[in-house]
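Number of protein chains: 4
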Amino acid sequence: MLLRLPFLLFQSNEQCFGAGTPNCKVAIVMARDKNTSASRYKQHSMIIVPMDTPGVKLIRPLSVFGYFDHFHGGHFEVHFDNVQVPVSNLLLGEGRGFEIAQGRLGPGRIHHCMRSIGAAEVALKILCERAAQRTSFGKKLYHHEVVAHWIAECRIAIEQARLLTLKAASHIDTLGNKAARKEVSMIKVVAPRAVLKVIDCAIQVCGAAGFCEDFPLAEMFAYMRTLRIADGPDEVHLSTIAKMELLEQAKQLRAHL
Amino acid sequence: MLLRLPFLLFQSNEQCFGAGTPNCKVAIVMARDKNTSASRYKQHSMIIVPMDTPGVKLIRPLSVFGYFDHFHGGHFEVHFDNVQVPVSNLLLGEGRGFEIAQGRLGPGRIHHCMRSIGAAEVALKILCERAAQRTSFGKKLYHHEVVAHWIAECRIAIEQARLLTLKAASHIDTLGNKAARKEVSMIKVVAPRAVLKVIDCAIQVCGAAGFCEDFPLAEMFAYMRTLRIADGPDEVHLSTIAKMELLEQAKQLRAHL
Amino acid sequence: MLLRLPFLLFQSNEQCFGAGTPNCKVAIVMARDKNTSASRYKQHSMIIVPMDTPGVKLIRPLSVFGYFDHFHGGHFEVHFDNVQVPVSNLLLGEGRGFEIAQGRLGPGRIHHCMRSIGAAEVALKILCERAAQRTSFGKKLYHHEVVAHWIAECRIAIEQARLLTLKAASHIDTLGNKAARKEVSMIKVVAPRAVLKVIDCAIQVCGAAGFCEDFPLAEMFAYMRTLRIADGPDEVHLSTIAKMELLEQAKQLRAHL
Amino acid sequence: MLLRLPFLLFQSNEQCFGAGTPNCKVAIVMARDKNTSASRYKQHSMIIVPMDTPGVKLIRPLSVFGYFDHFHGGHFEVHFDNVQVPVSNLLLGEGRGFEIAQGRLGPGRIHHCMRSIGAAEVALKILCERAAQRTSFGKKLYHHEVVAHWIAECRIAIEQARLLTLKAASHIDTLGNKAARKEVSMIKVVAPRAVLKVIDCAIQVCGAAGFCEDFPLAEMFAYMRTLRIADGPDEVHLSTIAKMELLEQAKQLRAHL
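Heads up: the sequence lines are chains A, B, C and D, in that order.
Here the first sequence stands for residues 1 to 257, numbered as in full-length UniProt numbering.
Here the second sequence stands for residues 1 to 257, numbered as in full-length UniProt numbering.
Here the third sequence stands for residues 1 to 257, numbered as in full-length UniProt numbering.
Here the fourth sequence stands for residues 1 to 257, numbered as in full-length UniProt numbering.
Hints may be right or wrong, so weigh each one.
One copy or two, it doesn't matter: identical chains are merged, so the pair holds either way.
[Stated by the list, open to error] Here are the simulated lysine to aspartate or glutamate pairs, DMTMM-like style, with alpha carbons at most 20 Å apart:
hint, residue 1, residue 2
1, LYS197, GLU153
2, LYS125, GLU219
3, LYS197, ASP234
4, LYS178, GLU99
5, LYS34, ASP200
6, LYS57, ASP81
7, LYS243, ASP52
8, LYS243, GLU121
9, LYS139, ASP234
10, LYS251, GLU129
Since the hints were derived computationally from the structure, they do not count as laboratory data.
Starting from the given sequences, assemble the full structure and let the hints guide the process.
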């Protein structure tokens, strides 16, 4: 809750990424003012909060499929208990948090997708190398037709995800975030799905080794699985795509009347 | 069997497309010479055979999922019984049938894929219109979340198939048929799969009407299902893609040594 | 529309199964009384209508994926234009059509599922025989690992569909139609899905021959595809299952409190 | 390598389950004699090795998707370097390791499947509870049709996996391990697949919370994913099922001649 005083006062329990590293000096908190009469898109503010502000407490680290991601500081449950910061810590202005978030969501989402595709390429490389090294039932794994078809399906999935991502990126560049919304939602669904499929095949080809830290596959899987929820779960994006498709179909229909 | 005489003499039982229309005046027969010692790629010849040549018999029409495709003359079982034509009816030259076929397969396959994508657009249009007209359980079909998500998944499938087809087409144009082989195989797998999925969803939304001739959906489905076999079944293309992927991965690996 | 007069008078346009055979002497028409104030479950009546009653018109046969099913008389569009029959033609009683329909839906649906499983066995038999006869790339089709895995997946799908159908049948026998509703909905979704998958694999193994009348596969596919809509589309059954599952989970939860 | 001396001497690098707990006093090592001329099914022996035998070294713990499973002692890389134990530590007899393993594989696999189904029930319970507690876009999650259909699909998958497991168990009980091989392979493929699907849906419904230790879902997923590899990867089981199906189909065919 954000109170409009000479200073900002609020409290909240959040899951924060990177909070566990000593390099983390400030948090950007997105707070909603429950007392405002502003429209639902103007109730949120983003506020810079130094981590040593009284009332900020790191409660516990949270794992993702067992990984704590210590290198990046991990996910932490953080409580903000009557935290008070100067008004000047507001980013952009009061009630403009949603606007800031929207501005970065298109580029942020496509950034995740691009990295997904890179991860998928790594996984497919590992799959192919392993399939060339290991033998079962008297022949190399890639001579097993089923494994070969996995390789083909993985390449197809990656190519299709890459092309759609490039199209979305081109729309962002040339038409802007808003006009690219449908394409961004499409890749946000497609890219994690493609990479999860590739990693899953790679794990299966690597056998038990694929689960442990000798390969990056299991950790990649864990991280990529979060992308089906982070920045909007698949289901919200599918509903967005459907809505926009129906509008476009209706427009075309009217144009023919 | 092709005998090298002053004339060409052969026999065969074939399934021929379009043979049932009176406009069909000639067949192009691909015949293999069983007596040749030529390499396996130089044993086939293509021969123009007028349909009124003695020994050419239309045996019976063949349906595809119950459709006889009368408009295009339909598929026919045709027997060639000791058929004899002048040597000048040979296309390009003896033993060059495989070469001719290879030359047209890339463009032929992409042509099928392009039409698939057009068909998928038609099916999605029908799906959306029907979902906007019909009501069940008190709301329009497109307000059913499951139907909405089908619409989204269909659009995603079409976009991805289209982009990969455009990439393959661009490769054919700029790099040639041979260099585009992997991309052509990829779309040959992807495009029929995408369109079949879209048509299947559209049928489900149209209900029983979707099966009959009041909508083009069932006939489109029948035709598109043949594309998973025609010009090489999916499985052959997947094996081709896998082989080329493994070669490329091996090349990259060596480049890093 | 059903008018309550000394006789029954109604009109409607329907799609009727079997109407095209001369053996078809009567239709059972399910008519809804638009003027009644009865509850929504008591607005429908079933009426025996001799096909030679004035006002009954066979408009046209309707194909299902191109098949007209002449043997069983086919599907017909039938118009009922101010058709008048004696009140004694009412089945069971006015407003009891829904009750009659409900009584037969459980057994009717399971009957379809049982036949689906039989069809799936036929298709798998054809698949295995063909895979044992044909050779590609120098080995029998069933030595292609991908085809072998299709065979395994088909057997798995059939076994699972059969066991669930047997469970549903046992529930109907021992607990009655109503108590078996969830199981019946489950097999109504599962059985057509399983058989369509098996037929699709069988077609792919048979190649182009699988589409034509030399094999029963394409016609079986067409018929089985209608089962995903007939007697309630998959989506309605899935919603029913979910509702009952949620009720049971809630009951268990309360039992633990 | 096993040497036949007054004592057994061997060396090996293994991945051992449970090796990290102080309660682990002995390992059962399956060793292959490379010098034997015995048939391939009689080259392995099982040997009891006290963990404090000289030459036994715990190298490092191995994680599974980030989990170290400390409670059960975890997976460890263990080296056996010229380890020497009395001949009396041989289980059953020299060269009978394969026989011992085969004897327990049927019951062992079905045991995994039974626990999978239990895990799937837990995951579905969590899914339903969460879907009843949380709201998005103004309605409870289970009122979102897509979530409702997940619940239905999960129930269907669990029911089918359970029935097939019961059938396999009944075959083991009444016909013995060997006669139940096909059914055991079928559930070994089906059960992990079903439970992974249910857990994945449950995670998606729980959102980011589903990944962390506040729910058992992510850890269950990690463990269940290993079952697609442990005790024979899916692909080996599918090949086994196909082989047995083809034999049965061939037998039936001959019976009809």
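Do the hints match the structure? See the list:
1. LYS197 with GLU153: both (9 Å within a copy, 17 Å between copies)
2. LYS125 with GLU219: Intra 16 Å, inter 27 Å, cutoff 20 Å: intra-copy only.
3. LYS197 with ASP234: Cα proximity of LYS197 and ASP234: in one copy and across copies (15 Å, 16 Å).
4. LYS178 with GLU99: within (12 Å within a copy, 50 Å between copies)
5. LYS34 with ASP200: neither (44 Å within a copy, 34 Å between copies)
6. LYS57 with ASP81: Only inside one copy: LYS57 and ASP81 sit 8 Å apart there, 50 Å across copies, limit 20 Å.
7. LYS243 with ASP52: neither (44 Å within a copy, 49 Å between copies)
8. LYS243 with GLU121: between (32 Å within a copy, 17 Å between copies)
9. LYS139 with ASP234: between (40 Å within a copy, 18 Å between copies)
10. LYS251 with GLU129: between (50 Å within a copy, 12 Å between copies)
In this structure, the hints that do not hold are numbers 5, 7, in rising order.
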